[in-house]
Amino acid sequence: MTAAKPRATVVIDIGKTNAKLALVDEATREIIALRTTVNEVLTEGLYPHFDVERIWKWILAGLTEFAAEAEIGCISTTTHGAAIAVTDGHDLVMPILDYEFKGPDSVAEIYRTQRGAFWETLSPDLPGGLNVGRQLFWQERTYPSAFSRAKTILFYPQFWVWRLTGVAVSEPTTLGCHTDLWNPEAGTFSRLADDHGWSKLFAPLVRPWDTAGTIKPELAAKTGLPPDCRVVAGIHDSNASLLPHILRRRAPFSVISTGTWMIFFAVGGSIADLDPARDCLANVDALGRAIPSARFMAGREYSILTEDSKAVPTEAEIARVIDEKIMALPSFAPGTGPFAFREGHWSHDPATLSPGEKVAAASLYCALVAEACLQLTGAAGPIVVEGPISRNALYLSALTTIVGRPVIARTDTTGTTEGAALLANGPEGVGAGLPDAEPAAPLGHDLAAYATAWRETTD
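Sequential numbering of the sequence shown, starting at -5, is according to this note's numbering.
The set of hints was computed from the structure by calculation and includes no laboratory data. A portion of the hints provided could be inaccurate.
Under the rule of at most 35 Å between Cα atoms (straight-line distance), these lysine-lysine pairs were calculated in the DSBU-like manner [stated by the list, open to error]:
#1 K51 <-> K96
#2 K216 <-> K145
#3 K14 <-> K210
#4 K145 <-> K210
#5 K319 <-> K304
#6 K210 <-> K(-1)
#7 K51 <-> K216
#8 K194 <-> K51
#9 K96 <-> K14
#10 K14 <-> K51
#11 K51 <-> K145
#12 K145 <-> K194
#13 K304 <-> K51
#14 K(-1) <-> K51
#15 K51 <-> K210
#16 K210 <-> K194
#17 K145 <-> K14
#18 K145 <-> K96
#19 K96 <-> K194
Pair by pair, the computed Cβ-Cβ distance ranges are [to be verified]:
#20 D188 <-> D85: 21 to 31 Å
#21 P220 <-> D453: 54 to 64 Å
#22 E38 <-> E318: 42 to 52 Å
#23 A27 <-> D188: 42 to 52 Å
#24 G39 <-> E65: 36 to 46 Å
Just so you know, even glycine gets a beta-carbon here, dropped at the ideal spot from N, CA and C.
Please construct the entire structure, taking both the sequences and the accompanying hints into account.
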């Protein structure tokens, strides 16, 4: 007798560096299968852009594989922010721009006169294409003929929803992710979006867990998915990490979502004191609420500092870094984070450091920048760390020591996948979730003098 296939949800999770396709058991919420690929940027053509056709073929191959393993009732999409699809209702009219491309900086001066005040959008002025409004402004001015054919603008999670269902929707978490297009407190499009007519081009706004539609019949036939397989509206990736916690925890608390970026959500924190010059903003959560936030490109900076070393620092290496005040000083991702306008450098010649010492210094660096971000958002209460850095014991212990509050690592799975999978059943289907691990132990070294010296250097 053939065993019955489990019922499952598929999560399409496209980060800036890697894309993941996860098959999540509906009953246990465990990941049954996982496929990954690099999220490539193509440099030929109008400008650097994401290779969406390669990703699309990879998604369809994964859906076909997963359909043979489980009864798939729902697909949920989650992606990085600052990516939009300008379409004529049938196809892209121009490629989906890589937000690290500096082209939009050419219109920065005139754009700043039109983008509106920070206190309207709670969105800081960011370089390149990190503000979607600047992307649109640059595309409209640079490629007026192509842009004139625009009928519908989709954010990146909803672009994949549209490819799967043919239905165009928008949702609040991506719309409210430093786009300059949304007024989070009023719950309306910004004056910039209205003045340029862009607000009329965005698809109707729905909730992330609302069903956008069912999979296209031809895709069901091609992949083996059930014809009634639902596709929900989707969610911004860091907000997917936040979702389980806002539904289960009592404020105040913080969630640190990590990957290429380290995003800080200070639930119960203060919007009043956010500093846009230090990459502070308000993200919009899945319930449509403004959440004080900060960020820096921790994954990118850590990779630069460690040269992608997998070394595990010894106690002697950690002690030498702390005792001799071997420091990485911000910022190694120019234009981003709370120290955006500083030039990153080492206090000591990195050529004299072992791989383990570089890892130790990079871990302490991330913890100290994290402290700055937490302070800027008025964070209080326990801190939950999601994503790759949650497996870095030195970072967790250093952060615990520096902030003097519980730091809880969620290392069981990516918070992004867990949160996106929850959309299949909506907030009412969240339940208790997986139990927390014990908080990280404080660092077994005196970090006070090191932290003080680091702060004095960065003040």
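These are the hints, each one checked on the structure:
1. K51 <-> K96: holds (29 Å)
2. K216 <-> K145: Within the cut-off at roughly 28 Å; holds.
3. K14 <-> K210: Between K14 and K210 the Cα gap is close to 22 Å, so the pair holds against 35 Å.
4. K145 <-> K210: holds (21 Å)
5. K319 <-> K304: holds (22 Å)
6. K210 <-> K(-1): Holds, at about 23 Å.
7. K51 <-> K216: With Cα atoms ~12 Å apart, K51 and K216 stay inside 35 Å; holds.
8. K194 <-> K51: holds (31 Å)
9. K96 <-> K14: Holds - the C-alpha atoms of K14 and K96 are around 27 Å apart, at most 35 Å.
10. K14 <-> K51: holds (13 Å)
11. K51 <-> K145: Holds, at about 25 Å.
12. K145 <-> K194: holds (9 Å)
13. K304 <-> K51: The given pair, whose Cα atoms are some 32 Å apart, holds under the 35 Å limit.
14. K(-1) <-> K51: Satisfied, since the Cα-Cα distance of roughly 25 Å is no more than 35 Å.
15. K51 <-> K210: Holds: K51 and K210 sit about 15 Å apart, inside 35 Å.
16. K210 <-> K194: holds (26 Å)
17. K145 <-> K14: holds (30 Å)
18. K145 <-> K96: holds (26 Å)
19. K96 <-> K194: Measuring from Cα to Cα gives roughly 27 Å; hence the hint holds.
20. D188 <-> D85: 21 to 31 Å: Once the Cβ atoms are compared, 27 Å apart, the range 21 to 31 Å for D85 and D188 holds.
21. P220 <-> D453: 54 to 64 Å: Holds, at about 59 Å.
22. E38 <-> E318: 42 to 52 Å: Hint holds: Cβ distance 47 Å, inside 42 to 52 Å.
23. A27 <-> D188: 42 to 52 Å: For D188 against A27, whose Cβ atoms are near 45 Å apart, the range 42 to 52 Å holds.
24. G39 <-> E65: 36 to 46 Å: holds (40 Å)
Violated hints are absent here; each numbered hint is respected by the structure.
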